[in-house]
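**Student:** Just so we're aligned, residue 1 is where the sequence shown starts under our numbering, counting upward by one.
None of these hints come from the bench; they were simulated from the model.
A couple of the hints might just be wrong.
Unchecked claim - Okay, derived cross-link-like pairs now, SDA-like style, lysine to any residue, Cα gap no bigger than 20 Å in a straight line:
| hint | residue 1 | residue 2 |
| --- | --- | --- |
| 1 | 117 | 163 |
| 2 | 222 | 233 |
| 3 | 253 | 164 |
| 4 | 8 | 227 |
| 5 | 6 | 242 |
| 6 | 228 | 134 |
| 7 | 228 | 138 |
| 8 | 228 | 239 |
What the hints assert, rightly or not - Estimated spans, in silico, between C-beta atoms of each pair:
| hint | residue 1 | residue 2 | range |
| --- | --- | --- | --- |
| 9 | 269 | 28 | 48 to 54 Å |
| 10 | 145 | 97 | 55 to 61 Å |
| 11 | 132 | 253 | 20 to 26 Å |
| 12 | 142 | 196 | 22 to 28 Å |
| 13 | 47 | 270 | 40 to 46 Å |
C-beta atoms are modelled at their ideal positions from N, C-alpha and C, and glycine is treated no differently.
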Amino acid sequence: MYLPRKLKQDNSITGLVPALICLSIGAVIWVLIGPEEALLSVAAFYFLYAGFSFWIFLRTRNMSFLAASMWQLLFGVFLVTRPDHPLIIVPDEKVSGMVVVLLLASTVWLLYFLFTKRAKWKGREVFELASMAIEPLPDGFTERPRPAGSISYTRDELMGFSAFLNRNLVAMPYYEDNSVVFVPVKMGDEFSFLLNREKFRHNRSWIAFDFHGNVTVNISRKDYLDYKEELSFDQLCGNFGNLFIQFMEYYRKGEAERILYKLNELGLGLTS
1 MYLPRKLKQD
11 NSITGLVPAL
21 ICLSIGAVIW
31 VLIGPEEALL
41 SVAAFYFLYA
51 GFSFWIFLRT
61 RNMSFLAASM
71 WQLLFGVFLV
81 TRPDHPLIIV
91 PDEKVSGMVV
101 VLLLASTVWL
111 LYFLFTKRAK
121 WKGREVFELA
131 SMAIEPLPDG
141 FTERPRPAGS
151 ISYTRDELMG
161 FSAFLNRNLV
171 AMPYYEDNSV
181 VFVPVKMGDE
191 FSFLLNREKF
201 RHNRSWIAFD
211 FHGNVTVNIS
221 RKDYLDYKEE
231 LSFDQLCGNF
241 GNLFIQFMEY
251 YRKGEAERIL
261 YKLNELGLGL
271 TS
């Protein structure tokens, strides 16, 4: 399904920054010291990044990060044990062959998650859905949270709902004393949120569900200005609340996969 995009085009290369840093460091070491040292430094980078990806997996429980962690770890091992010119000699040559087989298998596993959008942060989809059927109408931006309705749910249902959104990268949950706050994260913004848990409090949009069923919405200036045109702010806040209330209703009825279907139906790119 194609719908006119309300958000500005995404030109961010944040997701490529780690790879660019790794390649740059490797190239400099290759020129200044030598190829073996360069490959060893790249392998060390992949070992460290594998640990970081595994930490994200623990934070989100999204299986794509476990696949990424395994691929990065195996690629690092491959660089130092490759059969043609190993940097580290392994006692059994079959080990190198096994590493290659496992690396290929993990590559297929990782590509599956990438092409099925299970590894995609879906914040842009959330913002696009919330802006559907809203015509340009500048009626004033305000930075204060707004009530956006209510819905009945148990505390266990709210916890399960938050785990589902977190696991599928729809929104990151932050747990407060009396509510759960959901922050839709766009591709490229994930590192700042993962490394700074308080980031959502500063210049970011969020949707809060309290333990009494009340829903509150806050749209940040940064996210509001990311739309191509000025939209009715009242309608946008109302749409955000209604969208997440609908998501909760899907979850309570055992139809949570419909949430992912609605988001993926927009047809946004794998990296946007």
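**Student:** Please go over all the hints and tell whether each is borne out by the structure.
**Tutor:** Against the structure, the hints:
Taking the CA atoms of residue 117 and residue 163, the gap is about 18 Å. The hint holds against a cut of 20 Å. Distance restraint check for residue 222 and residue 233: the Cα-Cα separation of roughly 13 Å lies within the 20 Å cut-off, and the hinted pair is therefore satisfied. A distance of roughly 14 Å separates the Cα atoms of residue 253 and residue 164; the hinted pair therefore holds under the 20 Å criterion. Our distance criterion of 20 Å between C-alpha atoms is met by residue 8 and residue 227, whose separation comes to about 6 Å.
For the proposed pair residue 6 and residue 242, the alpha carbon gap of about 18 Å is at most 20 Å, so the pair holds. For the suggested pair residue 228 and residue 134, the alpha carbons sit about 12 Å apart, so the restraint of at most 20 Å is met. Of the pairs offered as hints, the one joining residue 228 and residue 138 holds, with about 12 Å between alpha carbons and a cut-off of 20 Å not exceeded. Of the supplied pair hints, the one linking residue 228 and residue 239 holds, its CA atoms being roughly 17 Å apart against a limit of 20 Å.
Checking the proposed 48 to 54 Å range against residue 269 and residue 28 shows it is violated: the Cβ atoms sit about 32 Å from each other. For the pair residue 145 and residue 97, the supplied restraint of 55 to 61 Å holds, since their beta-carbon distance comes to about 58 Å. Under the hint 20 to 26 Å, the C-beta atoms of residue 132 and residue 253, about 22 Å apart, fit the expected range. A beta carbon spacing of about 25 Å between residue 142 and residue 196 agrees with the range 22 to 28 Å that was offered as a hint.
The beta-carbon spacing between residue 47 and residue 270, approximately 26 Å, falls outside the hinted interval of 40 to 46 Å.
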